[in-house]
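J.: Once you know that position 276 of the sequence shown is 355 in the working numbering, the rest is easy, because the numbers rise by one and skip nothing.
One thing to keep in mind: the hints can contain errors.
Here are the simulated DMTMM-like pairs of lysine to aspartate or glutamate, each with C-alpha atoms no more than 25 angstroms apart in a straight line [as the list claims (entries may be wrong)]:
hint, residue 1, residue 2
1, Lys-165, Glu-204
2, Lys-209, Asp-182
3, Lys-502, Asp-407
4, Lys-195, Asp-237
5, Lys-191, Asp-149
6, Lys-486, Glu-405
7, Lys-165, Asp-188
8, Lys-370, Asp-237
9, Lys-506, Asp-432
10, Lys-208, Glu-221
Quick caveat, the hints were computed from the structure, so don't treat them as lab data.
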Amino acid sequence: MSVLSLIIKREYSARVRNKSFLIMTFLSPLIIVGMVMLITYLTQLNSDTKRTIAIVDDSGLFAASFSNTDQTTYLNLSDQGFDTAKELAEKDEYYGLIHIPKDRKTLVDQVKFYGKETPSFGLVEAIEKKIEKRLTNQNLIERGVDLDVLETSKINIDLSIENYSGEKSSKMSNWIKAAFGGAAGYLLMMFIIIYGNMVMRSVIEEKTNRIIEVIISSVKPFQLMMGKILGTTLAGVTQFAIWVILGIIMLTVAQAVFGIEPSSTTAMSSEAQAIASDPDKITEVVEEVMKLPLLQLVIGFLIYFVGGYFLYSSIYAAIGAAVDNETDTQQFMLPIIMPLMLAIYVGFFAVIDNPHGTVATVFSIIPLTSPIVMLMRIPFEVPMWQLALSVFLLIGSFVFTVWFGSKIYRVGILMYGKKPTYKELFKWLRY
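Throw the hints in and build the complete structure from the sequences for me.
T.: Written as structure tokens, this is what we have:
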């Protein structure tokens with residue numbers, strides 16, 4: 080058996096047999112499911128909250144526009160006057176009081192909401208919309224506009240999207256592609272941060288225990304560094320696979336036992352709830368998913384997931400070799416975190432807005448950002464030459480980074496008692 084395979088096997092065994100690894104492997108899904116259940120419970124508790132809002136409409140035009148809902152009851156106290164209504168609302172602890180002045184000319188900036196607490200953004204927006212609509216209609220009527228004619232004259236356009244070869248797609252297609260790409264990019268970033276730190280801690284631990292002094296006598300730094308990265312990666316993939324399986328099982332059990340429905344959480348928007356309750360919409364979503372380049376997505380995900388993780392893990396390993404404890408790593412973390420944050424920013428803003436634009440294209444080729452940005456671009460059908468160039472640069476950068484990191488690694492693993500600086504690291508590279 081080769082030296083590299085022995086190191087990989089040793090690293091994998093050391094990771095998966097660690098007590099904290101085993102505990103977190105089985106405890107993390109329980110924590111996640113518990114958080115989902117807690118969020119669902121709090122959401123249902125919040126949706127069951129009833130509130131009463133008093134209305135004093137001195138103009139007499141807007142009170143009828145406020146209709147009761149499941150959560151909100153509106154009380155028209157206009158006949159009692161503002162002062163009396165305010166005292167009553169405060170005494171009976173109403174959620175709030177809306178005061179609409181009589182003069183319509185100053186009404187735009189004179190409508191006030193009184194309450195013990197600041198109202199929610201959604202409630203404020205709903206109140207503004209009701210008053211705006213009623214006031215606009217009143218102005219149109221006074222100018223001789225027939226509202227029925229105006230309403231029947233409105234036309235809604237449903238733009239049909241089709242490429243030059245005749246293949247059709249819906250407006251929902253872009254949202255599905257963005258969701259696929261965003262989920263893949265965010266997942267990779269979390270994987271890099273979690274398991275990259277695991278590689279770094281492994282190096283620091285062996286360096287602190289002086290085990291590395293024995294190992295390095297018979298193993299090249301490049302082999303040792305590569306073995307640590309590959310062994311920790313396999314352990315991470317094992318843990319991640321267990322998390323996914325246990326998470327699916329426990330979420331299924333939770334839905335069956337506690338009656339938790341995904342549509343009841345705040346994470347799902349009203350549009351998503353409408354889709355989930357409409358069979359035609361579900362069919363449309365499935366059709367759009369099947370139109371995605373699924374094979375390219377799977378292959379691209381594996382390549383960029385592995386390549387991106389290896390690239391950053393080699394940097395983490397080099398940092399671990401350069402320091403004596405985790406506290407000293409903070410000064411070197413910025414070069415790792417900044418490209419990841421930049422990639423996420425570019426992915427969620429530039430790629431979703433214009434997946435084939437200059438910004439998205441450039442950052443999907445630069446190795447430090449390409450694993451995340453290109454993963455977000457792949458659902459939008461990236462040209463093959465861009466994919467090939469991006470993969471080539473990513474693999475080349477990984478090999479170079481491992482070689483580059485191993486030069487720091489071979490000196491740093493035997494250095495003790497001194498905090499390294501960027502100037503010191505540069506000297507090590509020249510040894």
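J.: With reference to the structure, classify each hint as holding or not holding.
T.: Hints and how they fare:
Distance check on the hinted pair: Lys-165 and Glu-204 sit about 22 angstroms apart at the alpha-carbon level, within 25 angstroms; holds. For the suggested pair Lys-209 and Asp-182, the alpha carbons sit about 18 angstroms apart, so the restraint of at most 25 angstroms is met. A hinted pair counts as satisfied when its Cα atoms are at most 25 angstroms apart, and Lys-502 with Asp-407 qualifies at roughly 15 angstroms. As the CA atoms of Lys-195 and Asp-237 are separated by approximately 45 angstroms, the hinted pair breaks the 25 angstroms bound.
As the CA atoms of Lys-191 and Asp-149 are separated by approximately 24 angstroms, the hinted pair is consistent with the 25 angstroms bound. With a C-alpha separation of about 20 angstroms, the suggested pairing of Lys-486 with Glu-405 holds against the 25 angstroms cut-off. Distance restraint check for Lys-165 and Asp-188: the Cα-Cα separation of roughly 20 angstroms lies within the 25 angstroms cut-off, and the hinted pair is therefore satisfied. Between Lys-370 and Asp-237 the CA atoms are separated by roughly 21 angstroms; this keeps the pair inside 25 angstroms, and the hint holds.
Only pairs whose Cα atoms come within 25 angstroms are accepted, and Lys-506 paired with Asp-432 is rejected, the gap being roughly 44 angstroms. For the hint pairing Lys-208 with Glu-221, the CA-to-CA distance comes to about 20 angstroms; that is within 25 angstroms, so the pair holds.
When the structure is compared with the earlier hints, violations turn up for hints 4 and 9 and for no others.
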